[in-house]
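Trainee: As you go down the protein sequences, you meet chains L and C in turn.
Going by numbering that gives the first Met the number 0, the first sequence opens with residue 0, and the numbers climb by one from there.
Going by numbering that gives the first Met the number 0, the second sequence opens with residue 0, and the numbers climb by one from there.
Where hints are given, some of them may not hold.
[What the hints assert, rightly or not] Pairs of lysine-lysine residues, derived as DSSO-like cross-links and limited to a Cα-Cα distance of at most 30 angstroms, are as follows:
1. K37(L) with K53(C)
2. K53(C) with K25(L)
3. K26(C) with K25(L)
4. K25(L) with K37(L)
In short, the hints are calculated from the structure, not lab data.
Here the structure is a predicted model, which means the values were calculated and not measured.
The chain contents come next:
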Amino acid sequence: MEGPWIAEDGEERINRLHADFEAFVKREPVTLCLVPYKAGAANFGRLHAPEEEVWDYRTRSGLPVIRIFGRFAMPGTFIAFNWAPRSRPWNGRPPFGDRNDPRWNIAKANCISQWDALFPNHEPVHGSNVHAYVPDENAIDILSR
Amino acid sequence: MPMSRTKTPSTSFLDEIEQGSPIPSGKLAYFEQRALNNFYSFVLERFLRSGLRKADLARRIGLSQPQLTRYLASPGNWTIATVQRLLLGIGGEEVFLRSVPLSGRTPQNMSVLDLLDDGNRPSTDSLTIELRPEPLHA
Numbered sequence: 000m001e002g003p004w005i006a007e008d009g010e011e012r013i014n015r016l017h018a019d020f021e022a023f024v025k026r027e028p029v030t031l032c033l034v035p036y037k038a039g040a041a042n043f044g045r046l047h048a049p050e051e052e053v054w055d056y057r058t059r060s061g062l063p064v065i066r067i068f069g070r071f072a073m074p075g076t077f078i079a080f081n082w083a084p085r086s087r088p089w090n091g092r093p094p095f096g097d098r099n100d101p102r103w104n105i106a107k108a109n110c111i112s113q114w115d116a117l118f119p120n121h122e123p124v125h126g127s128n129v130h131a132y133v134p135d136e137n138a139i140d141i142l143s144r
Numbered sequence: 000m001p002m003s004r005t006k007t008p009s010t011s012f013l014d015e016i017e018q019g020s021p022i023p024s025g026k027l028a029y030f031e032q033r034a035l036n037n038f039y040s041f042v043l044e045r046f047l048r049s050g051l052r053k054a055d056l057a058r059r060i061g062l063s064q065p066q067l068t069r070y071l072a073s074p075g076n077w078t079i080a081t082v083q084r085l086l087l088g089i090g091g092e093e094v095f096l097r098s099v100p101l102s103g104r105t106p107q108n109m110s111v112l113d114l115l116d117d118g119n120r121p122s123t124d125s126l127t128i129e130l131r132p133e134p135l136h137a
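Looking at chain L on its own, in the form it has when it is part of the complex (with noise of 0.2 angstroms):
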């Protein structure tokens, strides 16, 4: 999160995903969608393929929303290992696209080599529900009720 920032507005963008980091680290409500592709605005979406185990954060604010990639090491402890903008460039990234656009599965295997090489006895979170990621009752379920 340290620039600089070629966006005009990076600056903000950056300060805006600060924001939102603090509610996560203060356990303030979130919301997760289990299912790929279902996850619309929802705070973070588990991607295709659900054993896996990627994430994709996307920010609060903003456009284009910027997701960031990463995997749950345990409950409540999100590790972030890369980003992509989505729907238009933004910072000098080009966008990612619809679920056919490759870079998604690029950007997957990269999550997944860099926790490897960091974490190499260590699975990520696997669940079947959203608390098991977000462990208390702020873990809303975008899909339920």
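Add chain C to chain L, keeping to what the hints say.
Mentor: Just chain C now, with coordinates in the frame of chain L:
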């Protein structure tokens, strides 16, 4: 020859705010987003505690369920009107705002400990915007 050292003047995260000079856009954005996130957390916590189903809340405040799901997913498009509408539907409450001066506070050092303490130490690090819901019914 001894190396001379230049001491960097100490600066505060709140310098521009305290001095009345133009506030950098990044800093404005940071505090705007904190406020938005505070509103969002407040409303979501109340929704979770209410036990309401999304379908019931959507019907009460005149939204389709997909519209409500989008509102609850993220606060990106929220306005004060959104907050009021949701709180009215969740618990029949009206919103009042209170803001707290930042001036004179210790600069935010972004440590996890400070962040976690944020809610318990209103006179120290951070902006607090308190939403005080007032029940419409006695």
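Trainee: Evaluate each hint against the coordinates.
Mentor: Hints versus structure:
no.: 1; hint: K37(L) with K53(C); in the structure: holds, 17 angstroms
no.: 2; hint: K53(C) with K25(L); in the structure: holds, 25 angstroms
no.: 3; hint: K26(C) with K25(L); in the structure: holds, 20 angstroms
no.: 4; hint: K25(L) with K37(L); in the structure: holds, 26 angstroms
The earlier numbered hints are all upheld by this structure, with none contradicted.
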